[in-house]
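Just so we're aligned, residue 287 is where the sequence shown starts under this note's numbering, counting upward by one.
These are computed hints drawn from the structure, not numbers from a lab.
One thing to keep in mind: the hints can contain errors.
As the list claims (entries may be wrong) - Cross-link-like lysine-lysine pairs, in silico, DSS-like; alpha carbons within 27 Å at most:
id, residue 1, residue 2
1, Lys367, Lys411
2, Lys470, Lys411
3, Lys364, Lys385
4, Lys446, Lys470
5, Lys446, Lys411
Please read these numbers as outputs of a predicted model, since none were measured by experiment.
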Amino acid sequence: MKVLNYLPPKQRRLGVLLSLATICAGWSIILPPSERLEPVTLELNHKKPLVSSGQNIGTLKISQPDFFAWDLPIIEQKQEKSPPTVKDVKPPKVIAKKKVVAPIQPAPIIPYEIPKPVVNLPQVKYLGQVVDASGIQVFLIIDDFSVVMTPQKVYQQTWKIISINDYEVRLMHLPTQQIMRVTKS
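Please model the complete structure; the sequences and the hints are all you need to start from.
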């Protein structure tokens, strides 16, 4: 069926039509006829002359057609009525709903965490990157200091490069676990 997906719709339709015609033709050749036909023999006697009734074509009367001659008679079905039966009437049972007691679950205890202070992160600017034998080296400026960093290595226990793609460098500030995005421009 995958072959049909590569054909244009007109050729698909034509292929389906031809295959159906081939199947029907094969069935009609293979299957035997439903009724056996016997040859009809006609005995013609050429020696007898045709007997004419002596009527003229102009004097023939056409009988009125009876259009309802072949209709089947309408058969009305007679319905027999059975005597009514008396059933024992029982009062309906009253079903009381059970009250389901749900166990009361205490609220889960969530330990209090001291919120981490929001620190204004320093300005970071992307300068470029170099790929050499040791790997990728990214050149950044953090607070007016030039820094050379490699991915997945910690710089001065505060910065770590998480990922690098075509458009940005993602840094993590380790003390606050904040992620910073530096666009390449």
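To see whether the hints hold, each was checked on the structure:
With a C-alpha separation of about 98 Å, the suggested pair Lys367 and Lys411 falls outside the 27 Å cut-off, and the hint is violated. Restraint check for Lys470 and Lys411: the C-alpha separation of about 8 Å stays at or below 27 Å, so the hint holds. A hinted pair counts as satisfied when its Cα atoms are at most 27 Å apart, and Lys364 with Lys385 does not qualify at roughly 56 Å. A threshold of 27 Å between alpha carbons decides the hint, and for Lys446 with Lys470 the separation of about 17 Å falls inside it, so the pair holds.
Taken as a hint, the Lys446 and Lys411 pair is honoured in the structure, with Cα atoms around 15 Å apart against an allowance of 27 Å.
When each numbered hint is compared with the structure, violations occur for hints 1 and 3.
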